[in-house]
Structure formats: structure tokens, C-alpha cells
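**Student:** Sequence:
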Amino acid sequence: MNGAPLSHSTFNGKIQWRVPAGREWTTAEAKPSATAMEDVSDIETRTDSLNASIIFHVIRDVIGFVLYMHQQIPSVLPDLTTEFDDLQAEYKNLEAALSPCEEAKGSFRRKHAGRMRDIKRGIRKLQKLMDTVNGLDTALQMIISEVPGVESAILILGSSPIRPHHVYEFSFTHGYDVATNAGDFTKSKAAEGLARKAIRVLISKGAGSGSYPGPTKLFLLVKAPSSFNSPLHFLPKRDFRYSKKVVPFRVRLKCRSLALALDDHASLPSSSSIGLGDFNSHDLIWFQCRHVIKGLTFKIPDEE
Numbered sequence: 000m001n002g003a004p005l006s007h008s009t010f011n012g013k014i015q016w017r018v019p020a021g022r023e024w025t026t027a028e029a030k031p032s033a034t035a036m037e038d039v040s041d042i043e044t045r046t047d048s049l050n051a052s053i054i055f056h057v058i059r060d061v062i063g064f065v066l067y068m069h070q071q072i073p074s075v076l077p078d079l080t081t082e083f084d085d086l087q088a089e090y091k092n093l094e095a096a097l098s099p100c101e102e103a104k105g106s107f108r109r110k111h112a113g114r115m116r117d118i119k120r121g122i123r124k125l126q127k128l129m130d131t132v133n134g135l136d137t138a139l140q141m142i143i144s145e146v147p148g149v150e151s152a153i154l155i156l157g158s159s160p161i162r163p164h165h166v167y168e169f170s171f172t173h174g175y176d177v178a179t180n181a182g183d184f185t186k187s188k189a190a191e192g193l194a195r196k197a198i199r200v201l202i203s204k205g206a207g208s209g210s211y212p213g214p215t216k217l218f219l220l221v222k223a224p225s226s227f228n229s230p231l232h233f234l235p236k237r238d239f240r241y242s243k244k245v246v247p248f249r250v251r252l253k254c255r256s257l258a259l260a261l262d263d264h265a266s267l268p269s270s271s272s273i274g275l276g277d278f279n280s281h282d283l284i285w286f287q288c289r290h291v292i293k294g295l296t297f298k299i300p301d302e303e
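Residue numbers for the sequence shown follow numbering that gives the first Met the number 0, so the first one is 0 and each next one is one higher.
Nothing false has been slipped in among the hints.
DSBU-like, lysine-lysine: derived pairs with alpha carbons at most 30 Å apart: (1) K293 x K124; (2) K186 x K124; (3) K253 x K243; (4) K298 x K216; (5) K204 x K188; (6) K298 x K124; (7) K127 x K298; (8) K216 x K293; (9) K293 x K186; (10) K236 x K216; (11) K127 x K216; (12) K244 x K204; (13) K216 x K119; (14) K127 x K110; (15) K253 x K186; (16) K127 x K293; (17) K216 x K124; (18) K253 x K204; (19) K298 x K204; (20) K244 x K293; (21) K293 x K91; (22) K298 x K91; (23) K188 x K253; (24) K127 x K91; (25) K204 x K186; (26) K186 x K216; (27) K236 x K253.
If you're looking for bench data, these hints aren't it; they were derived computationally from the structure. In this text, all values refer to a predicted model and were calculated from it rather than measured experimentally.
Please put together the full structure from these sequences, using the hints given.
**Tutor:** Written as C-alpha cells, this is what we have:
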């Protein structure tokens with residue numbers, strides 16, 4: 000699987016994830032998990048530190064993957080965003096074209112008005128999803144900026160965080176130095192490559208398989224110092240636990256500098272030189288993002 004690109008394509012109106020070994024899985028057919036996934040899948044980066052761009056885009060791209068593979072959205076997030084933007088642009092164009100046509104025939108006006116109603120329904124259907132996704136993006140960027148050494152994040156799909164259907168855990172091992180460009184979220188090649196690696200690893204472990212739970216919710220939790228305060232975007236969940244009946248998918252990203260140190264049997268740096276700087280593990284608690292993504296109701300294509 001190493002080095003093979005992951006992408007998506009559309010066939011007969013049905014978007015497919017392209018994965019290694021020459022096989023394509025759709026939302027209706029994901030690779031089954033033979034055993035409960037209890038181990039941690041390590042991904043070593045080629046960078047000396049995990050910067051804001053890497054952490055943000057890995058989490059963000061996996062959110063899109065989870066939503067699509069668990070049939071919470073009808074197509075991948077970039078395509079939905081494009082569709083939403085196109086609908087808004089078309090509605091404005093029709094509105095502008097109709098305004099000066101006071102003398103137009105009734106059939107022309109009815110045709111335009113009917114099309115505008117259809118577009119407006121499409122916009123309303125996607126509006127809440129897009130607003131929530133944008134809010135989650137803002138919240139995630141903010142917490143990464145304020146806590147550049149973020150070490151852990153969890154994605155939970157289910158009716159509530161304590162009763163999940165699926166759990167995806169991520170840990171970030173930063174090495175000796177935390178990246179200082181905390182406010183730069185440009186999608187670099189390194190960020191794009193690591194996001195694809197994370198998705199490939201999840202697919203290889205059977206992520207996205209299982210029965211369709213129906214429209215449900217996706218929750219984001221991030222571990223940060225207890226002093227972190229952003230009530231508009233995050234709520235503290237000091238004693239957060241989810242049901243032990245659910246076995247999580249676990250992915251750990253390690254930067255090159257720490258991996259090399261471990262390979263050379265070097266002594267580990269103290270907690271003050273890794274990750275969260277002056278904070279130790281006793282200062283860290285979970286924070287739940289207030290922007291909860293709700294799955295859309297749409298017709299699931301029948302299996303052929």
C-alpha cells in the first residue's frame with residue numbers, strides 16, 4: 000500500500016474511493032474488518048515537526064472521509080462545497096435576469112421562478128451542513144493556533160459522544176520542537192500526503208465498513224490544557240469517556256526527528272520539550288467542539 004495514491008472518481012453518479020491493489024470501494028462496499036482493531040497504526044512524517052497545516056488537514060480530510068464512507072453525505076465534501084457554491088451563483092444569476100424582465104411572457108417568468116424554487120430547496124438542504132463545516136474549520140484552526148502542540152483528537156460518529164457507532168482517535172507526536180507557524184493553514188504537499196496516508200491506513204483497517212446507521216452526528220474532541228477557554232467553539236469535558244463496547248480506530252503521526260532519536264536509542268526529551276511545552280499530561284483535558292455535523296437524509300443507491 001505504501002506510496003499508492005488515494006483519490007476519488009465518479010461513475011454513474013456514484014463517487015468511489017480509489018485505493019491500492021486496483022480495487023475501488025464505494026459507500027455500499029467497504030473492506031470488512033476481520034478482527035477488532037485494537038492496535039495503533041503509526042505514520043512517520045518526513046518533516047522535523049508537525050505544523051498547524053498538517054494537523055488541521057489530516058483531521059479535516061478524515062472528517063470528510065468518515066462522513067462519506069458512513070453515508071452521511073451523498074458525495075465527498077469538496078464536491079458538495081462546489082455544488083453549494085454553484086447553486087448560489089445560479090440563483091443570483093436567475094434573480095438578476097428576472098428582475099428587468101417585467102414585460103417578459105408569463106411562461107418565461109414561470110419557468111425561471113420554478114427553477115429558482117428548485118435551486119432554493121437545494122441551497123436550504125446544504126446550508127446547515129456547510130455552515131457547520133465552516134464553523135468546525137474555524138474552531139479547529141483556532142485551537143491549533145492557541146495550542147500548537149495539540150497531541151490528541153477524537154472523531155465520534157453516533158447519536159452522542161458517549162454512545163458512539165464509530166470512534167477515530169488521532170495522536171500527534173511532535174518531537175523536540177513544536178512548529179512555530181501556528182497560524183498558517185495552507186495545504187502543503189506534506190499535509191496533503193499525510194492526510195492521504197491516514198485515510199489509506201483507515202481503509203486498510205476496515206474503516207467505513209459495517210451497517211448504515213442512518214443520518215447521525217459527527218463530534219470532534221481535542222485534548223488541550225485545562226486553562227484553554229473558548230466557550231463559543233469548545234466545551235470542557237474533563238471526565239470524558241465513551242462506551243468500551245466500541246473499539247476505536249487509532250492513528251499516530253510521528254515526526255522524523257523523534258523517530259530518528261528513538262531509532263538511535265536516544266533518551267527521550269522531557270515533557271517541557273515535547274508537544275505542549277510548559278503543560279504536562281495532568282493539565283490536559285478533552286474539549287468538545289460545539290459545531291456538530293449532522294448527516295444528510297438522501298437516497299442511498301441500491302447495490303447491484
